[in-house]
Amino acid sequence: LDMLAMKKTPPYDGEVLVNGQLRDPVLFRRIAAYVGQEDCMPAHWKVREALEFNANLKRQPNAKGSSRKNVGDFIDNLLEAFGLTGVADTYIGGAQVRGISGGQRRRVTLARGVAAKASILFCDEPTSGLSATDAELCVKALRVVAKRLNVLVLVVIHQPRKEVTKLFHTLVLLTSNPGRMAYCGPMAQASSYISACGYPIPDHVNPTDLYLDLLTPGAELDVSDALVAAFAERQKPELDKMVDEAFADRGQTAKEMLIAAYEQKGMQGQGARLGAYAVPFHAQLRMLLLRKVRTTLRNPAAIGMQILMPTVMGVVLGTVFQGIGKASFSAPQMQFVFILLTMLSLQSLPLMPVLIEERTFMKHEKSERLYKESAHILTTMLVTVPLSLMGATIQTLIIYSFAELPYEFLPTILGWTLL
Numbered sequence: 001l002d003m004l005a006m007k008k009t010p011p012y013d014g015e016v017l018v019n020g021q022l023r024d025p026v027l028f029r030r031i032a033a034y035v036g037q038e039d040c041m042p043a044h045w046k047v048r049e050a051l052e053f054n055a056n057l058k059r060q061p062n063a064k065g066s067s068r069k070n071v072g073d074f075i076d077n078l079l080e081a082f083g084l085t086g087v088a089d090t091y092i093g094g095a096q097v098r099g100i101s102g103g104q105r106r107r108v109t110l111a112r113g114v115a116a117k118a119s120i121l122f123c124d125e126p127t128s129g130l131s132a133t134d135a136e137l138c139v140k141a142l143r144v145v146a147k148r149l150n151v152l153v154l155v156v157i158h159q160p161r162k163e164v165t166k167l168f169h170t171l172v173l174l175t176s177n178p179g180r181m182a183y184c185g186p187m188a189q190a191s192s193y194i195s196a197c198g199y200p201i202p203d204h205v206n207p208t209d210l211y212l213d214l215l216t217p218g219a220e221l222d223v224s225d226a227l228v229a230a231f232a233e234r235q236k237p238e239l240d241k242m243v244d245e246a247f248a249d250r251g252q253t254a255k256e257m258l259i260a261a262y263e264q265k266g267m268q269g270q271g272a273r274l275g276a277y278a279v280p281f282h283a284q285l286r287m288l289l290l291r292k293v294r295t296t297l298r299n300p301a302a303i304g305m306q307i308l309m310p311t312v313m314g315v316v317l318g319t320v321f322q323g324i325g326k327a328s329f330s331a332p333q334m335q336f337v338f339i340l341l342t343m344l345s346l347q348s349l350p351l352m353p354v355l356i357e358e359r360t361f362m363k364h365e366k367s368e369r370l371y372k373e374s375a376h377i378l379t380t381m382l383v384t385v386p387l388s389l390m391g392a393t394i395q396t397l398i399i400y401s402f403a404e405l406p407y408e409f410l411p412t413i414l415g416w417t418l419l
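Quick note: the sequence shown, position 91, residue 91 per our numbering, numbers continuous.
One thing to keep in mind: the hints can contain errors.
Unchecked claim - Once the Cα atoms are required to be at most 20 Å apart in a straight line, the calculated EDC-like pairs of lysine to aspartate or glutamate come out as:
1. K166 x E136
2. K363 x E38
3. K8 x E125
4. K292 x D89
5. K7 x D24
6. K69 x D89
7. K140 x E163
Everything labelled a hint here was simulated from the structure, so no lab data went into it.
Full structure from sequences and hints, please.
Structure (structure tokens):
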């Protein structure tokens, strides 16, 4: 799945075709979305904001269907399809922040992929770590979206319950070491096919559990070689014929798909953006700034680390060096400057976990071509850096007032501390 979705970084051989055309390394991620196994979202983000973020960064600007009202209607439809309407204004949450449940968080991640208005949605084990009920709700939502929005959904899933299995249209069974195909066809016909190969499914047994037992090399019921040979004899000739017919009737390229989608919204195809990103840099920066400001203001710890903590440390250190400015210049004044600069240089260390977490979000979202790295860096400089400088200024002014040093030295000391 990672190779198909262009997520595999090590080199590999072979060709990947979309609509019979070679996959475009630049535009493919404009028409495809990938949902990984982990939910990477800020804890103080709200559900509706998460969907709006992807929708606004993946839409074609200046198109009739991209107005604020139309985007809002589209988000409302997604919230309804994924069963998230009741928690639309609730925090995503996390380990330290109370928010939505794990199943709802997974559905938000899936909805973000759909909000990107992709034609192909890759889902890597979307039900991992969920209860049976939440897993069924996730797959039901994907099925509704696939039909309603005409999206091709490719899912890697392990041991789903019977009710989940019946929701899929097509099943591909693979065995490992090396990877070989054992079945490719309608999900409803998989059980009869396996039975026709000589391996009937007992009553009251989940068929997908048996499939894994039969296709796992080294397992007690391993018959992977026999099923691979049966596939080569029974199904492969017909599949090869279908592939040849598809080659003869090639579909649109990624570029043509983007132009066609733009024209469907009543705009001239020449105005469509055909680069790696759907929106210009200033639109990326605006959305990132809006998210950064919202999550920072909602997070007391972010404000506390950058404003409150320096204020408290200023009072503590000011008390230690209180009145040293009245004495003649000597060792205490040198100690004052040294400790002041040392404390301020260590002031940003508590922010490192926050910056590392934001870097994780950035890596995931950049791989989906939502925005450029430079937009993320500039957003951090416009929000985090000013807050840190404000905290450093407050701490310096408090300490300096306690120390009662001559104010003619304040600009010099303040300049060094801000550096």
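**Study point:** Pair hint outcome, K8 versus E125 [Cα-Cα no greater than 20 Å]
**Key:** holds, 16 Å
Check your understanding: Does K7 pair with D24 here, judged by a C-alpha cut-off of 20 Å?
Key -> Measuring from Cα to Cα gives roughly 14 Å; hence the hint holds.
Review point. For the pair supplied as a hint, K69 and D89, is the alpha-carbon distance within the 20 Å limit?
Key: holds, 18 Å
Practice item. Decide if the proposed pair is consistent with the structure: K363 and E38, CA atoms, cutoff 20 Å inclusive. Key: holds, 13 Å
Point to revise | Hint consistency between K166 and E136 [alpha-carbon to alpha-carbon, up to 20 Å] | key: With Cα atoms ~10 Å apart, K166 and E136 stay inside 20 Å; holds.
Point to revise | 20 Å limit on alpha-carbon distance, applied to hinted pair K292 and D89 | key: Between K292 and D89 the Cα gap is close to 17 Å, so the pair holds against 20 Å.
**Study point:** 20 Å limit on alpha-carbon distance, applied to hinted pair K140 and E163
**Key:** holds, 10 Å
Taken one by one, the earlier hints all hold for this structure without exception.
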